[in-house]
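Undergrad: Residue-level listing of the chains:
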Amino acid sequence: MNKISLKRRNRDILRSLKFRKGRTYLLRKRNIEAKRELLDRNNQTILDYLQSKVLAGVNLYIDGKMRVRLTLPKVMNLSSEYENTVNHMLLLRKIAEYNKKGNNSVKLAGVDFNELTNISTSAALLLTAELSRWDDSNRSRIVPKIETWQPNIIIKFWELGFFELFQNIKPSEHGITAKPKIRLVKYIKGRIKENDYRRLKSNLRELIGADIDQWMFLHSGLDEAITNVTHHAYPSNCKIEERDQNWYLTGAFNTDTKELKVVFLDQGIGIPNSLPASKMYEKVLDWLKKFPISERKLHKKLLEAAVSVERTQTAEEDRGNGIPDMLEFIKQRKEGYISIFSQHGLFKLTIDAVTGKEVIKTESFKAPICGTLIIWKVQL
Amino acid sequence: MAIFNIGKDFSDHPIGRFYSDGNSSGEEFREEYLLPRVLKLADSEKLAIIIDEEVDGYGSSFLVEGFAGIVKYGYMTGDELLAKIEIHFSDDDFKFFKDKIESYIKNAKFDSKTYQSTKGT
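Listed in order, the protein sequences are those of chains A and B.
Just so we're aligned, residue 18 is where the first sequence starts under my numbering, counting upward by one.
Just so we're aligned, residue -6 is where the second sequence starts under my numbering, counting upward by one.
Errors might be hidden in some of the hints.
Stated by the list, open to error - Label pairs and their calculated CB-CB ranges:
| hint | chain 1 | residue 1 | chain 2 | residue 2 | range |
| --- | --- | --- | --- | --- | --- |
| 1 | B | 1 | A | 378 | 41 to 47 angstroms |
| 2 | B | 112 | A | 299 | 26 to 32 angstroms |
| 3 | B | -5 | A | 294 | 37 to 43 angstroms |
No lab work stands behind these hints: they were computed from the structure.
None of the values given here were measured: they were computed from a predicted structure.
We put the CB at the ideal spot given by N, CA and C, even for glycine.
Bound conformation, chain B alone (with noise of 0.2 angstroms):
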């Protein structure tokens, strides 16, 4: 199982929608960090997310960019996102992000938007 540690691997800050929001944003990590590596796994194989390292917590204009946008922008539906990621904590708190990453992904609906970079804006 690969493995994808938020805070080490990313930024221990991970916060905003944009990249035209600043650094670490749910733009930025879904693009070049997380996409990435979800369609790089094999056809079996899981990434293991581990968001309590070194992170604080997360605004929810991060989880929904991040995580949900997979959805939105139609690079996959819901299911074969959460079939492929596995949310990991080991401070039980942070179970409320895991729940929430879930239920955005879950809600989102598959390829409604057309996706235009903010990079550079």
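If we strip away everything but chain A, and leave its shape as in the complex, we get (with noise of 0.2 angstroms):
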């Protein structure tokens, strides 16, 4: 077989991308290769970075003062849309640290919500993490023009509390008054070391009109969740600025089928990445000996580890991640759902309400999530 030049190999990929997904990706890519010679070498990487993130899918424009406009796309969602998802809160960071760095050759001039017209809990926290950390990293703040989003989109934003993080926006003054079926809590934030949320309960009783049944073992896993913030996912070596070290929380209720979800995130290090320094990584080690080398890297795999590793401790063994107790919640209501999305894996432990089963399910993503993103979700 020939070996074929570098010219001809981005001749191939170009031709296959024309046909695969149009001419709006050669189009934006043109738009960055346009602006290469505006920036000197050590400038390009970003705009490398960029142009991998339009072949992947993000939809994003350069103009002549070479800023950014970020166009998110119609749904975000981690179950369905992850990859594109987690690819357009990518690009957020990464435009924030180079920034960050002094290197101002390449700004955000905006996120573009018009088209979105569906986004998950979820998704919609994640971003709201993102913006935040970006607000509070970066002096150029972003003002969201919402007269053009969908109704929507707007009311889960501003349920969510997303429009705090600016000046002035009431969508009641655009004429947004309906309740969507999708009610949210307004989410909390806390630093490394704080650990109240106890609005989260009363704020989700008044959206539920009731109790929920086995709160206590909720309330234990988020206890967990956020300890585990302060011992593993900001450790002392970590290169993230203490006023990045954060934790976020938000629930969620739809009315029409009764589903509760309740998503914490933070934007640390993640569980594999943490694994290393842990008491119980020997013990993570063994239990991956029984796949081959080439899978125990995998950050599913290194997820699923912990946990079935931390559901074997003894009481003794007590310094785990207190994944057990995160567990507990959909244990003990014997149906619903966690997943645990942790960089590059997914580890997801459903209970089938009418058989009692549990399934495991593990996944990798090309993406990561910066970070730790778990989600309980039942149905009341």
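Two chains, each in its own frame: build the complex with the hints.
TA: Put into structure tokens, the structure is as follows:
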């Protein structure tokens, strides 16, 4: 087989993209290429990154002043549109970090929500957390122009408390008054060592109109998730600045289906990366021995290993990540699921309401969640 | 019998393992509340610990550090501690936490660690 030249390879890639994804991708790619000559070599890497995200499906445009305008996709959902959803968050993170290092050749001009018609609670919290991180670390504030947003999106972000990141934005001034079927609790943000989230319970009770059975087990799980943030998510040698060492929490209730979802997020190093420093790492490595070497480093396997090892630990070996406490809520309710997204992996435990059977699903992703996202979902 | 109501006398949100985890940690609970009360008891006296009033639940980190820490750091053996305390609750669901507390105390290895306070770290 003949070895093909780089030029030929690039031409082949462009041709395949043209047929696969249509002309829009090529136009976006050319838009970036045209800006290359405006930047010195040190700043080329950010363009390479933007280009890689464009090829991955992110919709962005760079204007003449090298300002990036990001257009969110129609659907943002970690179940059905994981890679595309997370790639948009990653782009925000990348530009924020690039600017934080004093590089200002490329800046974020804005995030366009106009095309967004549907966003899940988890994705909304992830996006809010990312923009809050941006707000904490960058002086250039982004001001959303909500006039052209879909009404359901405005309401969702309003309930979540997203607009509190900005000043003087009130959906009621745009005629938005209807209550959606999925009601959200205003998000709670805590710094490392802050652990008060009691507002969640009273806010959920207000939405649901009743207490939640077995709440104490969700409470224990949340306690451990927060303790975990202090112990493992932001170790002293991590490069995450102190002001970015936060956690976020929200809850949602579907008034039609009576489904309750509670979502917890930290933006730390993630469970797979925290394991080597953990006291249970040797046991994790032992557990992984039954898999081929090529699979042992996969984040989905590391997550499964962490859960499995912790579930079999004795009470004397008391220094895990508190994962069993996190699983207890759905175990006690005998239905629902818990999803743990961390870096490139997903661990999901579902309990079938009819059979009571536990089903474990793991998955690998190309794009990482920068941190750990935990979702509890049950039927009330 | 002496009474210690965790929700009223300590905190309505006990959480975390060490002082360094924030307010109302297991270490704070053990060092400043539980241990002094247990040590003050007369020979045949018991401490009734109410676990379910004004408290929504407990994470394992808190329970292990707060209760099993007494054994782990060598203040007294598991049997001695269990003989001095009685866990009380009126909400049946809290039996789960009573069982956990007793299991952590029973399984803790006596004097297996040297205590170093994390206060102020």
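Undergrad: Each hint needs a verdict: does it hold in this structure or not?
TA: For each hint, the structure was consulted:
no., hint, verdict
1, 1(B) x 378(A): 41 to 47 angstroms, "43 angstroms, holds"
2, 112(B) x 299(A): 26 to 32 angstroms, "31 angstroms, holds"
3, -5(B) x 294(A): 37 to 43 angstroms, "41 angstroms, holds"
In this structure, none of the earlier numbered hints is contradicted; all agree with it.
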